[in-house]
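**Q** Single-letter residue listing:
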Amino acid sequence: MDTFLQQLVNGVTLGSVYAIVALGYTMVYGIIQLINFAHGEVVMLGAMVAYSVIVALAGAGGALPPLAILAIATLTAIPVCMVVGYLLERVAYRPLRRAPRLAPLITAIGLSIVLQNIALIIWTRNPLPYPQVIATVPYRLTATPDGATITNVQIGIIGLSIVMMAGLLLLVYRTRFGVAMRAVAQNPQVAGLMGIDINRIISATFALGAALAAVAGVMDASYYGVAHYQMGFLLGLKAFSAAVLGGIGNLAGAMLGGLLMGMIEALGAGYVGELTNLCHLSGWSDALAQRCVNDPHLELFGSNYQDVFAFVVLILVLVFRPSGLLGERVSDRA
Amino acid sequence: MRPIHTIGLTVVAAAIVSLYGCGKEEPKQAAAPRTETAAAAPAAAPAAETITVKIGSAGPLTGEIAHLGKDNDNGVRLAIDQANEKKIKLGGKTVTFEVLSEDDQADPKLGPTIAQKLADAKAAGVVGHLNSGVTIPASAVYNQAGIPMISGSATNPKLTEQGFKDIFRIVGRDDQQGPAVAQYLESMKIKKVAIADDATAYGEGLANEVEKTLKAAGVNVVAREKTNDKATDFKAILTKIKGRNPDAVFYGGMDATGGPMLKQARELGIKAVFSFGDGACTDTMKKLAGDKNAEGFICSQAGLPVVAASKGFLDAYKAKYKVDPIIYAPFTYDAANLLIAAMQKADSPDPAKYLPDLQKISYDGATGHIEFDDKGDRKLAEITIFTMKDGKLDPIAVVKGGKSVAFADFMKAADAGTPSASTTAPAKADEAKK
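The listed protein sequences derive, respectively, from chains B and X. Numbering that gives the first Met the number 0 puts the first residue of the first sequence at 0, with every later residue one more than the last. Numbering that gives the first Met the number 0 puts the first residue of the second sequence at 0, with every later residue one more than the last.
FYI, nobody ran anything at the bench for these hints, they're computed from the structure. These figures come from a predicted structure and were not determined experimentally. Beta carbons: idealized from backbone N, C-alpha and C, even for Gly. Watch out, some of these pointers could steer you wrong.
Pairwise CB distance ranges (calculated) [as the list claims (entries may be wrong)]:
| id | chain 1 | residue 1 | chain 2 | residue 2 | range |
| --- | --- | --- | --- | --- | --- |
| 1 | X | T112 | B | R320 | 53 to 61 Å |
| 2 | X | D393 | B | L317 | 26 to 34 Å |
| 3 | B | F3 | X | K214 | 50 to 58 Å |
| 4 | X | D80 | B | N116 | 27 to 35 Å |
| 5 | X | H368 | B | N125 | 33 to 41 Å |
| 6 | B | P78 | X | G217 | 39 to 47 Å |
| 7 | B | G146 | X | Y320 | 35 to 43 Å |
| 8 | X | K157 | B | L277 | 43 to 51 Å |
| 9 | X | E370 | B | N116 | 32 to 40 Å |
| 10 | B | Q229 | X | K214 | 53 to 61 Å |
| 11 | B | A59 | X | K321 | 44 to 52 Å |
| 12 | B | A59 | X | E97 | 48 to 56 Å |
| 13 | B | I71 | X | E294 | 23 to 31 Å |
Kindly generate the complete structure, drawing on both the sequences and the hints.
**A** The following block contains the structure:
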């Protein structure tokens with residue numbers, strides 16, 4: 000039970016990060032039906048920029064309290080990522096807005112490679128040990144001494160994610176900017192006729208997604224303790240799968256999809272070995288029973304399938320419910 | 000774009016041709032020394048004059064691990080300087096040894112280029128290279144040119160598995176590390192162990208060796224997990240491991256994943272001893288896992304720590320370079336001396352003549368007694384077990400020939416065993432205790 004609870008905590012923390020990244024994918028898709036494959040790289044850049052700031056601040060004498068260092072680092076990473084997000088849209092997507100859909104998809108992949116290589120040049124190919132400015136304090140969740148724990152960092156990540164998601168929902172459903180965003184998403188031409196500056200709204204959407212990505216990058220890197228120029232690739236791909244799982248284009252769907260994806264991954268990696276352990280079938284075969292006496296773990300699939308679950312889920316969703324869990328069944332606008 | 004493609008293809012074609020060539024050439028090279036030894040011997044006995052014998056020293060002298068390359072080079076130069084002072088005579092002629100230092104930049108692509116350069120310069124023997132990845136492609140060229148090569152630091156088993164008779168190494172092999180770590184864990188009297196790896200050839204191979212050795216010793220392997228070499232999230236598998244409550248965890252992988260894994264394990268409250276192979280036997284672990292989390296993990300490295308080298312070597316090195324050797328210098332020093340010793344035995348600097356003597360050499364060097372097996376690996380090579388103590392990797396045990404000996408005891412035994420060093424024994428024992 001303790002193990003299960005611990006996996007659940009791991010899953011929810013990971014899922015919160017996925018959810019925040021997934022929001023970036025889903026917002027952009029919602030507004031211009033483009034899958035911004037460079038979004039994962041923006042997450043990576045956020046982590047990297049914050050890394051440099053933390054190293055600089057922590058090295059400068061360490062007079063600042065740890066939380067302030069982390070806050071300053073994140074607040075530096077956010078504008079940098081917003082500029083990158085804006086530039087991505089301006090340079091690579093806007094000129095192709097009327098091009099066939101495949102064209103911007105390819106530029107997105109190209110940009111992702113460009114960003115990775117820029118990061119490689121600046122921050123080297125080595126995994127960067129993310130400075131642990133906040134000491135990790137585990138809190139016990141159960142009465143047993145060695146049982147499941149939740150750390151202050153995990154609580155921070157989950158809490159911050161909830162705040163950001165709530166903030167985003169308020170922005171989209173309660174402000175004039177949000178109304179404009181939804182209008183552009185519904186019909187750009189008509190929104191333009193109503194006096195909305197479409198380009199500005201689209202740029203702002205990219206910047207907003209990038210800001211969330213920056214925070215997600217800092218959260219992910221400080222949670223796992225390592226940042227790497229390729230860290231954004233798989234993270235981005237999984238978050239994208241989460242967005243599809245929830246229903247791409249749907250904000251609540253991205254949040255739900257992210258959380259589910261995190262939990263599927265943690266529980267999957269934790270239990271796939273157990274579930275596919277052939278030794279459970281010992282009663283059926285004497286040879287198997289004998290084999291399992293000495294070594295009770297004859298697992299068909301192991302935890303190396305951790306990364307596979309996200310994509311298995313993606314395939315299943317696309318087959319059985321193409322519009323995702325919360326996606327509306329809208330006919331293609333094209 | 001067109002010309003670049005053509006050049007690329009030409010290079011690839013050339014590489015394939017040369018590789019293929021090596022494979023074909025190899026038996027002839029292997030056979031060559033024996034037939035020529037007797038025939039050319041009488042020719043080398045005229046009046047006393049001096050000849051110059053060139054010894055190649057190849058390693059990265061620029062780049063990220065230039066300090067290690069320089070250390071290796073220093074070891075070779077020290078041996079050569081000492082040999083020149085002795086005015087060694089080969090075939091009646093006084094020999095002046097000359098070191099040809101070449102920079103391979105730790106780049107596998109440069110390995111064969113440097114090797115060819117040394118072959119063209121008529122090097123009589125080569126000490127190097129530093130990295131396995133560079134040494135393996137270079138070794139094919141040395142083999143083809145018939146130049147004996149001894150590496151003092153390349154630990155990848157593949158190097159001596161190619162069937163090249165003139166390729167040697169005097170450090171342990173990676174595949175000796177798995178059993179060594181397992182033997183050490185076993186000597187700690189652990190009962191339950193969890194094993195994980197990063198699904199690379201290196202990590203999985205290492206973890207499998209550990210698993211095999213521990214199972215044979217009756218240790219219960221409670222979990223066998225896999226991740227990958229780019230993963231950052233190990234919480235899921237660690238939580239599973241925690242549920243099985245092992246006394247020790249072994250991870251086959253590099254420091255880039257081993258460090259974060261150790262950190263995440265301690266965060267989850269796993270108290271088991273963590274152990275790694277040489278890929279995670281670095282100071283980077285401390286940075287990646289955090290100082291406090293890294294404390295107490297154990298790891299293995301092929302060879303011996305520098306302090307275990309002979310006092311004579313350490314003093315001479317310090318006197319010449321004003322710094323202490325870093326890691327492999329005692330091995331390259333021995334490698335250069337081995338070449339010279341073999342030449343003396345054969346009374347000739349001709350590779351074809353002294354190679355048979357090198358193959359069956361029995362030599363006491365700075366790193367202990369050296370003999371080669373059929374493959375060109377050192378017999379009874381040592382694997383050293385380190386532990387992270389007070390932020391530093393400290394040697395705690397040496398595994399040799401399947402037995403784990405505490406490092407302090409090993410140092411004492413080594414001092415007692417070599418009479419020449421007996422006068423300095425107390426000083427060395429003190430050093431070991433520190």
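**Q** Would you mind marking each hint as holding or not holding in the structure?
**A** Evaluation of the provided hints:
no. : hint                        : result
1   : X:T112 - B:R320: 53 to 61 Å : holds (58 Å)
2   : X:D393 - B:L317: 26 to 34 Å : violated (54 Å)
3   : B:F3 - X:K214: 50 to 58 Å   : violated (29 Å)
4   : X:D80 - B:N116: 27 to 35 Å  : violated (46 Å)
5   : X:H368 - B:N125: 33 to 41 Å : holds (38 Å)
6   : B:P78 - X:G217: 39 to 47 Å  : violated (60 Å)
7   : B:G146 - X:Y320: 35 to 43 Å : violated (55 Å)
8   : X:K157 - B:L277: 43 to 51 Å : violated (34 Å)
9   : X:E370 - B:N116: 32 to 40 Å : violated (49 Å)
10  : B:Q229 - X:K214: 53 to 61 Å : violated (35 Å)
11  : B:A59 - X:K321: 44 to 52 Å  : violated (34 Å)
12  : B:A59 - X:E97: 48 to 56 Å   : holds (51 Å)
13  : B:I71 - X:E294: 23 to 31 Å  : holds (30 Å)
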